[in-house]
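Protein chains in written order, with the numbering used here: chain Z, 1 to 171; chain E, 1 to 127.
These aren't lab readings, by the way, just hints derived from the structure by calculation.
Among the clues, some could well be false.
Stated by the list, open to error - List time: in silico DSS-like cross-link candidates among lysine-lysine, alpha-carbon distance up to 25 Å:
1. E:Lys5 / Z:Lys41
2. E:Lys5 / E:Lys59
3. E:Lys11 / Z:Lys97
Chain by chain, the residues:
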Amino acid sequence: MEDISLHILDIVENSIRAGARRVEIKVFEEKGKDLLTLRIKDDGKGMSKETQKKALDSFFTTKKGKRIGLGLPLLYQSTKEAGGDFMINSKEGEGTKIVATFKLSNIDRKPLGNINETIRVLRASHPKVEFLFEHNLVGVRHTNPKGLGRIKPVSSGVINVAPTFFERRVK
Amino acid sequence: MPRLKPEDLEKIRERMRGTVTLREGKAKAKIIVHMGTCGISAGARKIMSTLLSLTEEKKTEDIIVTTSGCAGFCSKEPMATVELKGEAPVKYVNLTEEKITKIFNEHILGGKIVKDFALAIGSEQLG
Chain Z
1 MEDISLHILD IVENSIRAGA RRVEIKVFEE KGKDLLTLRI KDDGKGMSKE TQKKALDSFF
61 TTKKGKRIGL GLPLLYQSTK EAGGDFMINS KEGEGTKIVA TFKLSNIDRK PLGNINETIR
121 VLRASHPKVE FLFEHNLVGV RHTNPKGLGR IKPVSSGVIN VAPTFFERRV K
Chain E
1 MPRLKPEDLE KIRERMRGTV TLREGKAKAK IIVHMGTCGI SAGARKIMST LLSLTEEKKT
61 EDIIVTTSGC AGFCSKEPMA TVELKGEAPV KYVNLTEEKI TKIFNEHILG GKIVKDFALA
121 IGSEQLG
């Protein structure tokens, strides 16, 4: 995978194949902690404890007729390459939550990529699924596009950098 | 095997609805972009994005654009399957933005299979 947005697309496609009707995708960039955190939570059919144990094995898949499952192992590898960590929390019948962390300054950390395109593709191809996407920047400096110096960093709280996709639709 | 619950039946109904839409006459074509890990790594998102732009540009409301998993030909990704109403599905391989644009214009809108990019007619089957 070239970037994190492609990992997100891959993992969320898995969620949808697992019957998810609501998927939450949250990205946190925390300059102070030098940490990029990706959280994906779905309400799909979830995984048994046995499946969770094997989920990071490239030669394990739950798909019939297939022998290789690379989605989660590749994301796991990306986190490890960037000094991060990876966690799966899943319960059968309730859904799955994945947390992947990356060291923000690590030279091997993949770029975030085109998240807007990922969300656009997911929404268009799965209109019945509810997607929640949040991209939170905490204490990250941004150059003013008009060249008027730097925007004051956010000392606390969260700023929204993708208002188009910063939606919370709760039924 | 876990026991089916009423909400599981609802999910199955939703999942199968897409497959019968063509037979019920609500759409004239369905394009399935294969979005397994292999497809996404090879550029399937760009293919999907191009298709979405084309359907918006041409204002086509009777064309379904959707995704599926790996079709088993990872080395030939990105791939897409085009299914016109009443015809067998056609699998296109090694796609680029230019190729999918040509397929959209000639096969989906024009009804003529683009043989240069086609792998086969028909669908893969499991087991």
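Going through the hints against the structure:
Under the criterion of a C-alpha separation no larger than 25 Å, the hint pairing Lys5 of chain E with Lys41 of chain Z is consistent with the structure, at around 22 Å. Of the pairs offered as hints, the one joining Lys5 of chain E and Lys59 of chain E is violated, with about 40 Å between alpha carbons and a cut-off of 25 Å exceeded. Distance restraint check for Lys11 of chain E and Lys97 of chain Z: the Cα-Cα separation of roughly 20 Å lies within the 25 Å cut-off, and the hinted pair is therefore satisfied.
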